[in-house]
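S.K.: For reference, the chains in residue letters:
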Amino acid sequence: MADSKTTIPFRQAGGPQGKFAATRMKFYIDVKRCIECGGCEVACKNENNVPQGIARIRVVTVNEGEHGETNVAVPCMHCSKAPCVAVCPVDALYHRPDGIVSLNKETCIGCGYCLYACPFGAPQFPKGSPFGARGVMDKCTYCAGGPEVPFSERERRMYGSNRIAEGKLPMCASVCATKALIAGDAEEVANVVRMRMAARGSGGGAWGWEQAYGGR
Amino acid sequence: MESIVLMQTKWSQSLHVPLYLFFGGLASGMFIVAAVADLVGIKVPRFGRLSRVVAIAAIPILVLAGFFLTSHLGKPERGFAFPVFFTNYESWMTRGGWVVGSASPFIVAYAALWWFGVMPGLRRTLAVIGIPFGAGLAMYTGALLGGAGFVPLWSMKYLPILFLNSGLTTGVAAAGFSAALVWPWLREPREGARPVIAWLSVALIVMIGLELFELYSFMTYLASEPGGKLSAAPTGLFVAPIGSRTAYEYVTQGALAPWFWGGIIGVGLLVPLALTLPEFLVRRWAVPIATVKFALVLIGGFMLRWVIVHGGDVKAPLPFPPQSWPVPGVPPIPGLGG
Numbered sequence: 001m002a003d004s005k006t007t008i009p010f011r012q013a014g015g016p017q018g019k020f021a022a023t024r025m026k027f028y029i030d031v032k033r034c035i036e037c038g039g040c041e042v043a044c045k046n047e048n049n050v051p052q053g054i055a056r057i058r059v060v061t062v063n064e065g066e067h068g069e070t071n072v073a074v075p076c077m078h079c080s081k082a083p084c085v086a087v088c089p090v091d092a093l094y095h096r097p098d099g100i101v102s103l104n105k106e107t108c109i110g111c112g113y114c115l116y117a118c119p120f121g122a123p124q125f126p127k128g129s130p131f132g133a134r135g136v137m138d139k140c141t142y143c144a145g146g147p148e149v150p151f152s153e154r155e156r157r158m159y160g161s162n163r164i165a166e167g168k169l170p171m172c173a174s175v176c177a178t179k180a181l182i183a184g185d186a187e188e189v190a191n192v193v194r195m196r197m198a199a200r201g202s203g204g205g206a207w208g209w210e211q212a213y214g215g216r
Numbered sequence: 001m002e003s004i005v006l007m008q009t010k011w012s013q014s015l016h017v018p019l020y021l022f023f024g025g026l027a028s029g030m031f032i033v034a035a036v037a038d039l040v041g042i043k044v045p046r047f048g049r050l051s052r053v054v055a056i057a058a059i060p061i062l063v064l065a066g067f068f069l070t071s072h073l074g075k076p077e078r079g080f081a082f083p084v085f086f087t088n089y090e091s092w093m094t095r096g097g098w099v100v101g102s103a104s105p106f107i108v109a110y111a112a113l114w115w116f117g118v119m120p121g122l123r124r125t126l127a128v129i130g131i132p133f134g135a136g137l138a139m140y141t142g143a144l145l146g147g148a149g150f151v152p153l154w155s156m157k158y159l160p161i162l163f164l165n166s167g168l169t170t171g172v173a174a175a176g177f178s179a180a181l182v183w184p185w186l187r188e189p190r191e192g193a194r195p196v197i198a199w200l201s202v203a204l205i206v207m208i209g210l211e212l213f214e215l216y217s218f219m220t221y222l223a224s225e226p227g228g229k230l231s232a233a234p235t236g237l238f239v240a241p242i243g244s245r246t247a248y249e250y251v252t253q254g255a256l257a258p259w260f261w262g263g264i265i266g267v268g269l270l271v272p273l274a275l276t277l278p279e280f281l282v283r284r285w286a287v288p289i290a291t292v293k294f295a296l297v298l299i300g301g302f303m304l305r306w307v308i309v310h311g312g313d314v315k316a317p318l319p320f321p322p323q324s325w326p327v328p329g330v331p332p333i334p335g336l337g338g
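Taken in order, these protein sequences are the chains called A and B.
If you're matching positions, the first sequence starts at 1 in my numbering and goes up one per residue.
If you're matching positions, the second sequence starts at 1 in my numbering and goes up one per residue.
Hints in this document: simulated from the structure, not taken from any laboratory.
A couple of the hints might just be wrong.
What the hints assert, rightly or not - Subject to a maximum C-alpha distance of 20 angstroms in a straight line, what follows is the list of computed SDA-like cross-link-like pairs (lysine to any residue): (1) A/K45 with A/K32; (2) A/K105 with B/L277; (3) B/K75 with A/P51; (4) A/K179 with A/R194; (5) A/K105 with B/F80; (6) A/K105 with B/T70.
What the hints assert, rightly or not - Taking CB as the label site, the calculated pair distances span: (7) A/G167 with B/V63: 51 to 57 angstroms; (8) B/V84 with A/E36: 21 to 27 angstroms; (9) A/H95 with B/M119: 35 to 41 angstroms.
We put the beta carbon where it would ideally sit given N, CA and C, even for glycine.
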């Protein structure tokens with residue numbers, strides 16, 4: 001059980017000692033809370049009119065039906081050192097100032113290199129033509145739209161909704177019933193993680209199956 | 001700590017990638033064989049005739065490589081215009097565009113000089129200068145895969161050399177195949193093919209031996225799990241070679257095992273090696289046996305690319321839950337772990 005005397009360091013989104021730190025928007029998936037409801041998948045597809053065959057977020061289940069079954073939602077993780085950005089030959093993938101890894105579909109040539117570079121399988125391609133040529137890449141945009149005029153029909157058609165510009169969080173995190181999927185600035189997300197870890201106990205037991213619902 | 005290995009089988013259902021890797025390596029190997037034969041042909045004229053056959057035969061192979069390379073793109077026209085659109089030089093695809101773009105003119109110009117039978121001095125100069133470019137083309141195909149980073153099977157340490165060797169092996173095989181089949185159609189004396197094929201068979205033995213050694217070294221490296229246990233890796237948890245043993249098992253014992261052992265090792269390397277014996281013992285059947293042998297090596301070369309590409313479905317294991325991920329900028333909290 002948690003030690004009530006433990007002080008949990010809490011950092012502001014503005015960074016240590018009040019100094020400004022660049023925003024880094026991140027996802028965090030608490031695998032001990034994910035119940036594989038699929039709400040995030042449905043919400044994403046509905047909000048962004050995701051093409052058929054593409055899953056911008058998907059729930060992966062390990063040890064299904066057995067003791068220790070674990071579910072984890074896997075969207076684009078918007079890595080700080082994104083391998084997809086590193087390998088894209090035409091710089092169609094880029095980091096936004098807020099840390100979101102964004103895609104320019106006008107520039108993308110559909111080579112598929114990012115698909116292999118990504119450890120999470122985030123980049124995906126729609127069904128190809130009869131000659132095997134695939135379209136341009138599609139992936140989770142963090143509900144931040146794309147390099148088009150915000151809220152324009154073109155942006156919506158090509159990239160989906162732009163909730164970030166409205167000051168909202170991605171749809172998947174917004175609808176997550178158990179708050180297994182949380183999104184926001186990395187510092188704020190880290191604060192949530194620290195509080196959950198403190199509530200569940202210390203060391204390896206913090207992530208034990210017994211702690212998922214028995215502790216906090 | 002559990003780990004998840006994400007598979008991406010949807011991607012690898014296309015044959016385009018293995019085909020352009022194979023044809024690209026084959027074209028470069030054929031060019032190098034033609035260049036070397038041309039230089040040897042200064043003293044031994046029949047090798048000069050072999051060089052002509054192989055150099056010209058390399059052109060349709062190069063065209064096929066280019067076709068499969070660009071046809072799988074979502075925007076093929078931008079692939080052709082890569083000097084304009086490829087701006088990220090950190091990417092091996094951009095670097096490779098220049099490798100292909102610089103090697104291809106050598107291969108085409110060399111074949112053109114043979115076709116028109118002019119300027120032998122310039123032709124041999126192109127051969128000498130072009131050999132490193134051809135080798136670069138073969139190696140680049142391995143570096144392209146190795147640059148992906150999170151695919152344990154695609155080792156930057158082994159794939160470039162393996163693909164170079166395979167390119168040369170298939171180049172020698174294609175040279176022999178061309179000599180056996182095309183020689184009479186080019187109005188060359190047929191008896192000139194047999195000694196050339198014999199020398200190519202000897203060269204093939206050496207190349208097959210090298211390739212077997214490299215495959216053994218590569219698989220041993222993967223099986224040793226060079227990335228260490230997941231819990232022991234302090235940083236770079238998702239970077240290959242983490243998960244190498246998983247990839248090794250997938251290739252040698254899993255779904256790809258029949259293609260690896262049967263296609264690459266058996267059909268592509270050991271059976272051709274075994275056929276060398278009757279080829280040299282039964283002279284009457286030497287050319288037909290050699291033709292079959294060279295064809296098997298070509299099949300094995302394609303199988304190598306096919307297995308490597310499909311083996312790339314296995315990504316580096318993702319350690320969920322991320323209990324060893326440090327919270328950025330925060331020292332470990334006493335009593336709460338890392």
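S.K.: Work down the list of hints and note, for each, if the structure agrees.
M.R.: Evaluation of the provided hints:
{"no.": "1", "hint": "A/K45 with A/K32", "result": "violated, 24 angstroms"}
{"no.": "2", "hint": "A/K105 with B/L277", "result": "violated, 57 angstroms"}
{"no.": "3", "hint": "B/K75 with A/P51", "result": "holds, 19 angstroms"}
{"no.": "4", "hint": "A/K179 with A/R194", "result": "holds, 15 angstroms"}
{"no.": "5", "hint": "A/K105 with B/F80", "result": "holds, 18 angstroms"}
{"no.": "6", "hint": "A/K105 with B/T70", "result": "holds, 18 angstroms"}
{"no.": "7", "hint": "A/G167 with B/V63: 51 to 57 angstroms", "result": "holds, 54 angstroms"}
{"no.": "8", "hint": "B/V84 with A/E36: 21 to 27 angstroms", "result": "violated, 46 angstroms"}
{"no.": "9", "hint": "A/H95 with B/M119: 35 to 41 angstroms", "result": "violated, 52 angstroms"}
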